[in-house]
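Below are the chains, spelled out letter by letter.
There are 2 protein chains.
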Amino acid sequence: MARSKVIVTRQLFDEAQRLLDAKKDELEVVQWPSEKPCDRSWLLEHAKGATGILVMLSDKVDEELLDAAGSQLKVIASFSVGTDHVDRGALKSRNIRLGYTPTCLTDAVADLTIMLILMAQRRGGESISMVRNGEWPQKPWHPLLMTGPQIRGSTVGFLGFGRIAQATLKRLLPFGIKKALYLTSTPGKPVKEDHFGLVQEAAIPIESATGADQLAKESDVVIVGCALTPSTKHLVSTDFFNKMKKLAVVVNIARGPVIDTDALVRALDEEQIFGAGLDVIENEPNIQADHPILKQPRCVLVPHIGSATIETREQMATESVKNVFAGLTGAAMVNEAEL
Amino acid sequence: MARSKVIVTRQLFDEAQRLLDAKKDELEVVQWPSEKPCDRSWLLEHAKGATGILVMLSDKVDEELLDAAGSQLKVIASFSVGTDHVDRGALKSRNIRLGYTPTCLTDAVADLTIMLILMAQRRGGESISMVRNGEWPQKPWHPLLMTGPQIRGSTVGFLGFGRIAQATLKRLLPFGIKKALYLTSTPGKPVKEDHFGLVQEAAIPIESATGADQLAKESDVVIVGCALTPSTKHLVSTDFFNKMKKLAVVVNIARGPVIDTDALVRALDEEQIFGAGLDVIENEPNIQADHPILKQPRCVLVPHIGSATIETREQMATESVKNVFAGLTGAAMVNEAEL
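Chains as they are written, first to last, in the working numbering: chain Z, 1 to 339; chain P, 1001 to 1339.
Calculated from the structure, these hints are not laboratory results.
Among these hints, one or two may not hold up.
Restraint ranges, calculated between C-beta atoms of paired labels, are given here [stated by the list, open to error]: (1) TRP1042/P / LYS217/Z: 40 to 48 Å; (2) LYS217/Z / GLU1201/P: 36 to 44 Å; (3) GLY1134/P / PRO33/Z: 24 to 32 Å; (4) GLU1201/P / PRO205/Z: 19 to 27 Å.
Short derived list, chain P residues pointing at chain Z, Cβ under 7 Å [to be verified]: (5) PRO1037; (6) LEU1118; (7) PRO1137; (8) PRO1140; (9) VAL1302; (10) ALA1308.
Okay, derived cross-link-like pairs now, DSBU-like style, lysine-lysine, Cα gap no bigger than 35 Å in a straight line [stated by the list, open to error]: (11) LYS245/Z / LYS1023/P; (12) LYS295/Z / LYS245/Z; (13) LYS1170/P / LYS243/Z; (14) LYS1295/P / LYS1243/P; (15) LYS233/Z / LYS295/Z; (16) LYS1036/P / LYS246/Z; (17) LYS1178/P / LYS192/Z; (18) LYS1170/P / LYS139/Z; (19) LYS1246/P / LYS170/Z; (20) LYS1233/P / LYS1246/P; (21) LYS1074/P / LYS1060/P.
Glycine is no exception: its CB is placed at the ideal position from the N, C-alpha and C atoms.
In isolation and in its complexed conformation, chain Z is listed as follows (with noise of 0.2 Å):
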């Protein structure tokens, strides 16, 4: 009998590679052999024969991609959290399985974005800065140098209120937040799931808020954490900005054009807000060095790293091979996309 053919479009590393190459006998595995993203004719000329494909968030998956592959497709398998990059109806309709991986990377995630508050209230950009270009030896002690606000006794408030807004959440009970508001798709109702219990039972209150409004009037700390839907798109504009306090800072580690860049940079100019921290930002990574942005001394700019952890993106990379795997047999896998 025929091996299956597999198409990989990453080098991977450690027990995925591992798991891959444990396979060599059953397996054709093909894949793609530099460390840049891999280019779209390769993949579109390899994939012809194949019954999976592992891929990363940088390949779209699309009518063009399955046609190359043929009729013997059963499965995808993305290394990523989001699938936007993926055509879900065209796979519904040719019966293929997506695997990906949405519940690994919480707790990075939720690391970054307690690191991103933070350098956003205690002006860490602004503070490396002033160091890095000899300024400390002019600038003495004095007692409202570089001070921020502090996140005790902080309402904070959450767009989007999904696992990784809950575990930041979790994290930032013991730095003794006061009290904290969450927006989803159905203002003023309950969260649907309470993955942490917290909603139960945090000592503080956990509150859905009546809309965005409510949310940007009352809160010390804004976190983006939600999909990026037309609904969504630039929710945080100008007009939520001017409902902002004028100590408050807001961070996304969602998606970038959940933000209105330019009104940022006008709120963050005009001094409407406190400062800001991004892990994401619309049009990246195309940003270049003279991008607006980069001129606001309270604005830290990360490069998507939200879930750049070693262990995170071993996983990643493991449960996207268990998943190819779970594709071609028939059986579970660690996590399924409902089509």
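Start from chain Z and add chain P according to the hints.
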């Protein structure tokens, strides 16, 4: 009756200044008028006849100042947690009381410690620089781009385990750390004060290390939070770094000289450790732009901003004023140092 004279070596703010201003009928308040640190010559000249002096960390309190003030001096109130700038023996022999502000900055410093741990692990400094330098467009997504170690499952080692270290541990628990080790001046012995009941109640082991060796070998995160004494100076040096794990990070929120800076630079150069986060450093603030530590991409250095929150600095100012008043009237201080 003549009004008591009080010298204040800074302009204060908000409630602290209001408290002072409200006593203008009873007290002759003489305040250093500039925003720069107080001139020594101004202080010596104006101290004459003072009953109380409110000083900053940058004002030396020694025999010369006490002589200049005269025998009516009853109280020194220092706007600081440390009292290295005060000759305690001289105060004791003259029966002058010393107030300070050791407790109100615990939260602010513990918050900053968490920020520095996460920045050291998650490559915060490197990430910011990459984006600011316009390198993001040329560094497309890669599964191992900017990855660092994850805190979940870590053993966290504390050099010094006082109030701030314990407040840091309290914040770290929901990040999923596995174990805490601490080293105090009595290795292997339980810590004297369990400020937040963690040692008793936490779900993870919190153990006294047998020595610096064990702590260096077993920790994934090392937090320097001890006082600077002859025995802690350069406690973290080449020998310590050699024993650390390659993926471990070190954070210093105590006093610069506990870490041997040259050894740290070598350890980072030779990838003996993964990264570092420093709020303090030897010879601060005299850190020029060409200092070797600033060439280390995996080291984040901020300008001693541990307690730099608006709330904490206001509280330090207010407590300092209250300590002066208490010293004048013989009442109890918010915090009085034992001499």
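Q | Indices of hints not satisfied (ascending) | A | Structure breaks no hint.
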